[in-house]
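Protein chains in written order, with our numbering: chain A, 1 to 319; chain B, 1 to 319; chain C, 1 to 319; chain D, 1 to 319; chain E, 1 to 319.
It should be emphasised that the hints constitute simulated quantities derived from the structure, not laboratory data.
All figures in this text were calculated on a predicted structure; none of them were measured in a lab.
Restricting the straight-line Cα-Cα distance to at most 30 Å, the calculated cross-link-like pairs of lysine-lysine (DSSO-like) are:
(1) Lys314(A) - Lys314(C)
(2) Lys261(B) - Lys314(B)
(3) Lys78(B) - Lys200(D)
(4) Lys315(B) - Lys315(A)
(5) Lys315(E) - Lys314(D)
(6) Lys261(D) - Lys315(C)
(7) Lys200(B) - Lys200(A)
(8) Lys315(C) - Lys315(A)
(9) Lys315(A) - Lys261(C)
(10) Lys78(A) - Lys200(B)
(11) Lys73(D) - Lys200(B)
(12) Lys73(E) - Lys73(D)
(13) Lys261(C) - Lys261(B)
(14) Lys73(B) - Lys200(B)
(15) Lys78(C) - Lys200(C)
(16) Lys315(B) - Lys261(D)
(17) Lys200(A) - Lys200(C)
(18) Lys315(C) - Lys261(A)
(19) Lys315(B) - Lys315(D)
Chain D stretches covered by chain E per the calculated footprint, using a threshold of three residues with CB under 8 Å from any CB of chain E:
(20) 73–85
(21) 255–263
(22) 268–274
(23) 280–289
(24) 295–301
Glycine included, C-beta positions come from ideal geometry on N, C-alpha and C.
If you want the building blocks of each chain, they are given just below.
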Amino acid sequence: MIIDCAVYRDGTREDTGQHSDDLAAALAGLGEDDFLWVGMNNPTGDEMNRIGTVLGLHPLAIEDALEAHQRPKIERYKDHLIMSMRMVSYSDDDITTNEVNLFLGANYLLTVRHGGPSLVEGRRRAERRHDALSHGPTAALYSVVDTIVDRYEQVARELETDVEEIETSVFSAEPTSDSTRIYRLKREALEFRRAVVPLKEPVVRFSETAEPPEARPYFRDIADHLGRAAEAIDTIDHLLDNALTAHLAQLSVQQNSDMRKLAAGATIFAIPTAIAGIYGMNFEHMPELSWPVGYPLCLALMGSACVYTYRRFKKSGWL
Amino acid sequence: MIIDCAVYRDGTREDTGQHSDDLAAALAGLGEDDFLWVGMNNPTGDEMNRIGTVLGLHPLAIEDALEAHQRPKIERYKDHLIMSMRMVSYSDDDITTNEVNLFLGANYLLTVRHGGPSLVEGRRRAERRHDALSHGPTAALYSVVDTIVDRYEQVARELETDVEEIETSVFSAEPTSDSTRIYRLKREALEFRRAVVPLKEPVVRFSETAEPPEARPYFRDIADHLGRAAEAIDTIDHLLDNALTAHLAQLSVQQNSDMRKLAAGATIFAIPTAIAGIYGMNFEHMPELSWPVGYPLCLALMGSACVYTYRRFKKSGWL
Amino acid sequence: MIIDCAVYRDGTREDTGQHSDDLAAALAGLGEDDFLWVGMNNPTGDEMNRIGTVLGLHPLAIEDALEAHQRPKIERYKDHLIMSMRMVSYSDDDITTNEVNLFLGANYLLTVRHGGPSLVEGRRRAERRHDALSHGPTAALYSVVDTIVDRYEQVARELETDVEEIETSVFSAEPTSDSTRIYRLKREALEFRRAVVPLKEPVVRFSETAEPPEARPYFRDIADHLGRAAEAIDTIDHLLDNALTAHLAQLSVQQNSDMRKLAAGATIFAIPTAIAGIYGMNFEHMPELSWPVGYPLCLALMGSACVYTYRRFKKSGWL
Amino acid sequence: MIIDCAVYRDGTREDTGQHSDDLAAALAGLGEDDFLWVGMNNPTGDEMNRIGTVLGLHPLAIEDALEAHQRPKIERYKDHLIMSMRMVSYSDDDITTNEVNLFLGANYLLTVRHGGPSLVEGRRRAERRHDALSHGPTAALYSVVDTIVDRYEQVARELETDVEEIETSVFSAEPTSDSTRIYRLKREALEFRRAVVPLKEPVVRFSETAEPPEARPYFRDIADHLGRAAEAIDTIDHLLDNALTAHLAQLSVQQNSDMRKLAAGATIFAIPTAIAGIYGMNFEHMPELSWPVGYPLCLALMGSACVYTYRRFKKSGWL
Amino acid sequence: MIIDCAVYRDGTREDTGQHSDDLAAALAGLGEDDFLWVGMNNPTGDEMNRIGTVLGLHPLAIEDALEAHQRPKIERYKDHLIMSMRMVSYSDDDITTNEVNLFLGANYLLTVRHGGPSLVEGRRRAERRHDALSHGPTAALYSVVDTIVDRYEQVARELETDVEEIETSVFSAEPTSDSTRIYRLKREALEFRRAVVPLKEPVVRFSETAEPPEARPYFRDIADHLGRAAEAIDTIDHLLDNALTAHLAQLSVQQNSDMRKLAAGATIFAIPTAIAGIYGMNFEHMPELSWPVGYPLCLALMGSACVYTYRRFKKSGWL
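Whenever a hint applies, use it, and build me the whole structure from the sequences.
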């Protein structure tokens with residue numbers, strides 16, 4: 001579905017009809033440096049084909065825009081290029097990605113997204129930069145891409161916060177079951193990486209040949225932001241790996257401490273049990289049995305043995 | 001065995017005889033942009049030699065087509081190239097690969113497979129694209145390769161589903177023996193990777209020099225699909241690694257919890273046993289023994305000690 | 001805030017006013033090889049814009065200098081370059097990084113830091129090398145960068161000391177909980193690496209084209225120091241990884257030894273308990289019970305069984 | 001020791017004397033495309049020097065041929081090249097490597113091996129290809145190298161069989177001590193890799209410049225076989241890594257199950273022991289003691305408690 | 001301190017005075033292909049500055065020679081180069097490295113070491129090769145470097161021996177605490193690697209441009225030896241990693257076996273204890289108690305229960 005459609009003359013927006021005839025007419029009427037900006041969401045095959053005919057898109061590029069699981073890339077065709085990206089959003093340890101395909105021609109920009117958050121923020125950013133916009137659609141492309149990449153860095157920061165939560169949990173005193181959450185975050189980081197990393201190299205190459213040349217530092221800047229996001233993901237991934245190993249070590253320490261408690265407990269009870277066993281024997285000649293103080297003495301012996309053993313274990317850190 | 005054989009004139013199929021004399025005659029009678037398409041399955045050495053002589057194949061290329069464990073590659077000889085691929089199918093945690101060798105000459109395409117699913121789907125796809133087919137055998141090669149590579153992505157998706165099953169099992173409450181299945185899937189992912197990854201680089205290079213130039217974006221698209229499949233395999237591999245480590249962590253957590261139960265159980269029983277031991281002693285002067293309420297009191301003491309200990313352990317999470 | 005500002009004529013400092021008009025005048029009055037050196041700390045957007053206008057900085061470069069989480073890099077614009085670095089300080093297992101942006105133009109050096117230790121040390125080093133300073137701002141840039149990079153090596157040495165502490169703790173006899181500290185240090189090493197490693201490649205490239213050519217070996221030397229620091233971080237990281245695995249092994253050894261103690265203890269107590277149980281049975285015909293030496297003999301038997309078992313376990317290393 | 005020596009004229013063998021004078025004479029009498037083939041085994045320094053003088057070998061090349069632990073490589077000198085390889089054989093989890101040095105000049109091939117299996121198979125293969133052999137010594141070199149590399153693939157297949165044995169053992173029900181064998185195989189795989197991998201790159205480069213050009217596809221084919229062997233070793237290595245981790249997981253599962261059995265066993269015995277303890281107490285007023293059915297009832301109680309507990313544990317999988 | 005100093009004319013040594021004036025005179029008096037060889041040990045800053053002035057060394061090169069923790073490298077200045085290496089010695093699981101800096105000019109070689117073994121062996125090797133030495137100082141450099149690199153291979157072999165000791169210990173029956181030694185060796189291997197690996201690339205590059213060209217194969221040979229040493233270190237590192245994991249697996253196996261012994265022991269004792277408990281009960285009507293054979297029968301029952309259980313556990317491998 002076409003959700004927005006306008007012609008930019010000297011950087012100023014003029015709304016236009018959304019029918020393909022209107023678009024063809026609009027295209028025909030463009031002066032130098034003017035351009036057409038069309039925004040689509042969840043286009044059907046028909047819609048894509050119609051707009052593809054108007055703009056003269058390559059059949060494979062149209063196919064790419066319809067497929068939902070494109071790999072992030074920049075593909076150049078004879079007179080246009082397609083930039084496939086993923087928008088990323090994150091909530092509750094869950095990363096959602098939505099594909100966006102951006103078609104850049106000499107005098108048009110077509111943005112095609114499959115669900116996900118609106119790109120209107122990118123359009124607004126572009127429209128604030130009148131001057132740049134008056135030099136053609138590349139500045140508009142920059143604004144959209146910049147908006148999406150900014151979001152990458154924000155999501156990376158949110159992931160970092162979650163990693164910190166996990167660290168706190170892993171190194172708490174109790175045996176926790178953090179492996180589930182660590183695994184989950186690693187999974188999300190993997191998906192995030194697949195959205196970010198494949199894009200960096202093509203953006204660098206694009207930044208070297210983008211037209212007009214004034215736009216190049218801007219795309220270099222985007223490549224830089226992508227590099228930063230990729231680095232943050234790497235760090236997150238490493239930290240999660242380390243957290244998992246540390247988690248294993250913590251569990252081992254915990255188990256050791258539990259085993260020592262078990263051993264200490266068994267020993268403490270074993271001594272009075274052994275003494276009781278001895279005085280429960282039925283020998284006829286057991287002088288202690290007839291002592292009046294035999295029983296209290298025996299209890300005292302048991303008690304002190306327990307207390308003594310307990311203290312020893314306490315002191316040596318086993319209890 | 002030759003299983004299919006036809007001449008394509010202006011993109012339209014004409015069946016032809018399968019004897020090598022027929023093939024030589026067919027080749028001789030081809031006009032510009034016409035081509036011969038021969039499909040073989042499990043060829044014997046004799047058959048390969050005969051067809052090799054007709055088409056003028058290099059002896060090493062013929063040898064490659066007969067050997068079953070070829071590495072995926074594109075090898076260029078003076079006037080033809082050989083593309084070795086593996087068809088992949090997957091069921092019950094088991095990946096099966098079958099080798100296919102595709103010989104592309106100026107006016108012929110020879111497909112040689114060793115068992116495995118039929119390539120007829122690829123042929124049908126090609127025949128639907130009359131126009132492309134009328135420019136020579138490259139379009140036919142594209143259709144076959146595209147069909148095979150599509151299958152890679154499907155298998156990758158099936159593997160991903162199995163990984164999700166494993167995740168559910170690993171993070172379930174019970175101590176499971178998932179390592180066997182994780183190992184098995186890792187093994188299959190390795191085999192899958194060996195079918196996919198070595199092909200990417202040569203296809204990229206081929207896409208830069210393929211003739212006619214109109215075919216190039218199509219092979220670039222295949223390289224892209226291969227890249228996506230390779231990336232999916234990487235992700236699967238990483239997830240399985242992580243799942244195995246998480247599995248170890250889960251086992252450790254489980255063991256900790258079992259050890260605590262053991263310790264708690266031992267302690268609960270130790271107390272009444274110790275009390276019984278005490279009142280089983282044979283001292284003459286044990287006043288409690290002659291109290292009428294001695295026995296019920298003692299039982300009550302034992303009972304409350306058990307209940308108290310049980311509750312303590314319950315509260316602290318040891319039971 | 002501008003915290004220092006001077007003109008260097010023939011390598012000699014002359015203080016100048018800090019207002020942007022003063023700076024513009026100072027710039028205008030510079031002879032060949034003279035240059036202006038401005039130092040800022042925590043600049044506001046306004047301040048950066050003002051100085052950017054005076055020096056003719058690119059808008060993106062100004063933006064970079066204001067953002068706090070820049071990736072270390074060297075970015076070239078038409079008539080100046082920006083070098084983004086991080087100063088590193090370390091105390092109590094905690095690495096703090098502060099960003100510094102260095103703008104090098106033909107006749108100025110602008111240093112912008114965000115908090116952190118003062119760069120005055122670098123300025124002093126530069127002023128000691130009159131001769132080099134008289135050839136333009138590159139020598140001043142070298143001194144500042146050299147000071148920062150020296151600090152990297154010092155921090156690496158401090159980290160190495162901490163790793164040695166951890167090693168001592170890991171291989172001590174007691175089960176320690178070193179994983180927390182190992183994790184923490186790995187985290188810091190990661191942050192450290194992010195400050196150091198991305199800078200090496202750009203500095204190498206800069207060292208090949210720096211003007212004047214006499215400055216090149218000096219920047220090559222800095223690249224070398226960066227390489228050394230990066231190598232030290234790699235070593236630290238590897239050692240920490242190994243220490244963590246060794247820690248796990250030590251815990252396993254410890255647990256084994258504890259389990260053996262538990263088993264040995266249980267066995268030692270089990271024997272007298274079993275004997276006591278036997279003579280506590282109520283059979284009418286148990287001749288030992290009426291032996292006068294029955295009881296002492298029994299005690300002796302229990303005692304020697306305990307001693308014997310204890311010695312056996314001691315000898316086999318279980319206790 | 002020279003173990004074989006012959007001149008090949010037009011691809012046909014003519015035996016010749018083995019004395020260095022004979023060799024010098026034979027060399028002098030060679031026509032274009034004729035060549036001398038000398039095979040040595042365990043040469044002494046003297047022998048190598050003598051033959052080196054006759055053939056004009058570089059002193060360093062002679063030294064290399066004498067040293068036993070050469071790294072696989074192709075080294076070019078002014079008018080000859082040396083190819084250092086390792087022959088590999090495998091039995092009983094043990095890989096043995098023997099060094100072979102092949103000297104290729106314009107009109108001679110010198111093969112020097114240090115023990116290990118005979119190269120006669122390679123010679124026979126070469127002699128079968130009369131036609132190729134009539135174009136000079138490169139075809140002879142190809143045959144020898146091809147024979148050695150074929151052996152790599154065979155050894156790789158044998159290793160794969162052993163890995164499968166290990167897998168069966170690791171995933172069997174009993175706790176096995178597979179780590180020893182896994183370690184051993186990893187060690188052998190490492191040694192194997194050192195024989196195979198360093199050779200690939202030089203062979204690829206050699207295949208691009210080999211003379212006569214007709215030989216090039218053959219060496220490309222060898223590079224391909226090396227690539228396959230290297231890939232197989234990688235797979236083996238990965239599988240062994242995974243098997244070791246899976247082994248650890250299996251041990252953990254086993255230990256968990258043992259601990260549960262221990263806990264269950266302790267609980268089953270603890271209940272009758274506690275009951276016996278209670279009725280072993282000496283209270284005067286214990287009505288059950290004088291009941292005629294007291295004892296059988298008590299035994300029944302004990303028995304049913306045991307059976308009940310046993311069944312509970314059985315059902316929950318602890319026993 | 002200058003420890004040796006000589007002029008080589010036509011490859012023959014002539015001692016010369018060690019004062020800097022002597023050196024300057026000696027330098028001035030050199031014919032073509034003659035050169036000055038100066039050896040220093042632990043030079044002070046003054047000494048280095050003096051000799052640097054005589055030989056015309058770059059200030060940064062002098063600084064490098066004084067700093068003790070240089071990274072191995074080859075640095076080219078306008079008319080000389082500096083090669084920084086580390087000598088390596090190994091004893092008692094401990095690798096010691098000493099830095100050597102070699103300055104090669106057109107007509108001099110200056111070797112500067114910081115402690116460590118003497119380089120006299122390299123000098124002697126050089127002096128044996130009169131012919132090479134008569135072509136300038138490069139041959140002398142070769143001899144010194146060759147001597148140092150030979151030592152790398154020897155140390156690698158010693159490390160390999162130690163790894164074999166560890167393997168024997170890890171796979172012995174007893175639970176050993178090998179992790180300490182494995183860690184230690186890994187640490188040393190890391191240090192060793194830092195001495196060897198960074199040198200390889202620069203030596204390869206040097207071998208391609210060394211003068212005179214006859215020297216090139218010799219430096220290529222050194223690069224080859226470095227490659228071999230680096231490969232050996234890699235192997236050692238991998239083996240140690242694997243040994244550590246195998247060690248963990250062995251500990252797990254050991255712990256499993258101990259736990260089974262504990263469980264078996266507990267069960268063996270639990271049965272007679274339960275029986276004794278039963279006949280220690282005070283029921284009035286326990287017919288067995290008054291049987292004359294009651295007691296011996298009971299003992300026999302206990303004994304056979306113990307023997308039976310013991311045999312069962314023995315058979316199933318738990319004991």
